[in-house]
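*Asks:* Chains A and B, in that order, are what the protein sequence lines are.
As numbered in our numbering, residues -15 to 282 make up the first sequence, in order.
As numbered in our numbering, residues 16 to 105 make up the second sequence, in order.
Calculated directly from the structure, the hints in this document are not laboratory data.
There could be a bad hint or two in this list.
What the hints assert, rightly or not - Derived SDA-like pairs: lysine to any residue, alpha-carbon spacing no greater than 25 Å straight-line: (1) Lys90(B) x Ala82(A); (2) Lys90(B) x Ile261(A); (3) Lys90(B) x Arg(-12)(A); (4) Lys2(A) x Pro73(B); (5) Lys90(B) x Thr83(A); (6) Lys90(B) x Arg70(B); (7) Lys194(A) x Ile61(B); (8) Lys194(A) x Thr235(A); (9) Lys72(A) x Gln32(A); (10) Lys246(A) x Pro172(A); (11) Lys246(A) x Gly205(A); (12) Lys72(A) x Gly52(A); (13) Lys2(A) x Leu84(B); (14) Lys72(A) x Asp(-13)(A); (15) Lys90(B) x Pro63(A); (16) Lys90(B) x Asn59(A); (17) Lys2(A) x Asp98(B); (18) Lys246(A) x Glu170(A); (19) Lys246(A) x Ile179(A); (20) Lys90(B) x Glu71(A); (21) Lys90(B) x Ala75(A); (22) Lys90(B) x Gly44(A); (23) Lys89(A) x Asn39(A); (24) Lys89(A) x Asp100(A); (25) Lys90(B) x Asn58(A); (26) Lys194(A) x Arg180(A); (27) Lys2(A) x Leu79(B); (28) Lys90(B) x Leu(-2)(A); (29) Lys90(B) x Asp78(A); (30) Lys246(A) x Arg121(A); (31) Lys72(A) x Glu87(B).
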Amino acid sequence: MLDRESTFADPTILELLKTQFIPVALDQWYTRRQQDTEGEFYRRIAGQGPRSDFNRTTQGLYIADAAGTLIAFNNNRGPERIRALLEKAVADYDSPDATPIVREKTDPRFAPRLPDGAVVVRTHAKVLSGYEPTDDRWQQIFQSAVSRDNLWITADEQRQLAAGEMPESLRLRIARFHLVDDTRGEPPTWRREEIRQFDVELNNGTISGKFRLETADQARGFEGTLRGVLAVESGKLTQFELLAEGNFWGTGTFTMQPPAGKFPLAIAFRLADGGDIADGIPPHASRGWVEGYWHPER
Amino acid sequence: MAKPRNRSPHYTKSLCLFVLSFGLHGAEICGQETHPDDLQQRCAAICQPGDAPWRSVPWQTDLLQAQHLAVEQGKPIFIWAMDGHPLGCT
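Chain A extracted, bound-state conformation (with noise of 0.2 Å):
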């Protein structure tokens, strides 16, 4: 989230990147975990930088030549210190005699694909409101951004929604994993029994209902309405609009520095159409147990 209005908001770093660099972008939780050929061409690169234990977060900016010899790491933000170890491995790059690595296997554990005929629906998170005024640049940017994950919908959960009828598992999956606030980093979910009120109607391709999230301490909560609209023809989702919106409250360990008490929180939900890299990013919920993320029951 900082990185993308700090760094990456920088028109020489996005230019460099562009021309002079293969840049990619990957979720290390996965990456360092994996046991397939992918992940330990990244351990191989990230093992000789600081962050070496592969049991502990690996997070950090990387600059590797072909060959997995570690150029630079930082993990630290700021443009011009992310410009200077660009603008100083372009002028020193000497590239290596190396080849294409051939993907000799491929983790299934850490690999979630898009089943057939699934469809994926991009979410995006807003705090409207309730923070308290800052002249922090960071605490600006958590202030005001807008979060992006994926929703996945299951060709049966489509055959089911083109019937008329609300399918359990979506209903679970958007109340548990994705009425939440990861404005400002990655989100505690829901567990099953923290959804004390769902209650969503489908009628003729209309989507209205309300919802009451909240934990048995009662430390963190949302509570709100849903409305939208969704249209399915020959057994696929052609449109899925849905908007989330109302009063949550708390945090988690990642989601610090909330606004104080209750504030208000939008959730807008649209069909992707694939034209975004992002729409390819496995939900958020489904990493480490993708089954879960299907079965939001269990």
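For chain A, the structure is supplied; the task is to place chain B on it using the hints.
*Replies:* For chain B alone, kept in the frame of chain A given last:
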């Protein structure tokens, strides 16, 4: 029952605007009256702009594919490795 796809220009002009109009028109949300004139502004606030600068970079999402391109083009690899996917939730 499937709803026929609505091809009205009002729908295609701005799907997100439609959703917000549908959801918020005249409604009292979060304790504040929502005026229809605010809808477009609120839509822009929720929907991530497609032309955000970081999105102009041709990010790869597969490190081996990036390695192949690095060999082919004689360029270094730049890895943006985060907790949570940098292009999605992080």
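*Asks:* Determine for every hint whether it applies to the structure shown.
*Replies:* Here is what the structure says about each hint:
For the proposed pair lysine 90(B) and alanine 82(A), the alpha carbon gap of about 11 Å is at most 25 Å, so the pair holds. Straight-line distance between C-alpha atoms of lysine 90(B) and isoleucine 261(A) comes to about 22 Å, which keeps the hinted pair within the 25 Å bound. Annotation: proposed proximity of lysine 90(B) to arginine -12(A) holds, straight-line Cα distance about 23 Å (limit 25 Å). For the given pair, lysine 2(A) sits about 7 Å from proline 73(B) by alpha-carbon distance, which is consistent with the 25 Å threshold.
Distance check on the hinted pair: lysine 90(B) and threonine 83(A) sit about 13 Å apart at the alpha-carbon level, within 25 Å; holds. At most 25 Å may separate the alpha-carbon atoms for a hinted pair to count; lysine 90(B) and arginine 70(B) meet this at roughly 20 Å. Using a Cα cut-off of 25 Å, the hinted pair lysine 194(A) and isoleucine 61(B) holds, with the two alpha carbons roughly 20 Å apart. Of the supplied pair hints, the one linking lysine 194(A) and threonine 235(A) holds, its CA atoms being roughly 21 Å apart against a limit of 25 Å.
Proximity of lysine 72(A) to glutamine 32(A) is assessed by CA-CA distance (about 19 Å); at most 25 Å being required, the pair is judged to hold. Taking the CA atoms of lysine 246(A) and proline 172(A), the gap is about 17 Å. The hint holds against a cut of 25 Å. Proximity of lysine 246(A) to glycine 205(A) is assessed by CA-CA distance (about 9 Å); at most 25 Å being required, the pair is judged to hold. Proximity of lysine 72(A) to glycine 52(A) is assessed by CA-CA distance (about 18 Å); at most 25 Å being required, the pair is judged to hold.
Between the alpha carbons of lysine 2(A) and leucine 84(B) the distance comes to roughly 13 Å, so the proposed pair stays at or under 25 Å and holds. Between the alpha carbons of lysine 72(A) and aspartate -13(A) the distance comes to roughly 20 Å, so the proposed pair stays at or under 25 Å and holds. Only pairs whose Cα atoms come within 25 Å are accepted, and lysine 90(B) paired with proline 63(A) is accepted, the gap being roughly 21 Å. The hinted pair formed by lysine 90(B) and asparagine 59(A) meets the criterion: a straight-line CA distance of about 22 Å does not exceed 25 Å.
For the proposed pair lysine 2(A) and aspartate 98(B), the alpha carbon gap of about 23 Å is at most 25 Å, so the pair holds. The straight-line distance between the Cα atoms of lysine 246(A) and glutamate 170(A) is roughly 20 Å, inside the 25 Å bound, and the hint therefore holds. The suggested pairing of lysine 246(A) with isoleucine 179(A) holds, with an alpha-carbon distance near 18 Å, which does not exceed 25 Å. Note on lysine 90(B) and glutamate 71(A): the hinted pairing holds, with a Cα-Cα distance of about 13 Å set against a maximum of 25 Å.
Between lysine 90(B) and alanine 75(A) the alpha-carbon distance is near 12 Å, which keeps this suggested pair within the 25 Å criterion. Pair hint lysine 90(B) plus glycine 44(A) holds up; C-alpha atoms about 20 Å apart against a cutoff of 25 Å. With a C-alpha separation of about 21 Å, the suggested pairing of lysine 89(A) with asparagine 39(A) holds against the 25 Å cut-off. A hinted pair counts as satisfied when its Cα atoms are at most 25 Å apart, and lysine 89(A) with aspartate 100(A) qualifies at roughly 22 Å.
Taking the CA atoms of lysine 90(B) and asparagine 58(A), the gap is near 19 Å; set against the 25 Å cutoff, the hint holds. With a CA separation close to 11 Å, the supplied pair lysine 194(A) and arginine 180(A) stays within the 25 Å bound. Distance restraint check for lysine 2(A) and leucine 79(B): the Cα-Cα separation of roughly 18 Å lies within the 25 Å cut-off, and the hinted pair is therefore satisfied. Our distance criterion of 25 Å between C-alpha atoms is met by lysine 90(B) and leucine -2(A), whose separation comes to about 15 Å.
Of the pairs offered as hints, the one joining lysine 90(B) and aspartate 78(A) holds, with about 9 Å between alpha carbons and a cut-off of 25 Å not exceeded. With a CA separation close to 24 Å, the supplied pair lysine 246(A) and arginine 121(A) stays within the 25 Å bound. With a C-alpha separation of about 22 Å, the suggested pairing of lysine 72(A) with glutamate 87(B) holds against the 25 Å cut-off.
Of the numbered hints stated above, none is contradicted by the structure.
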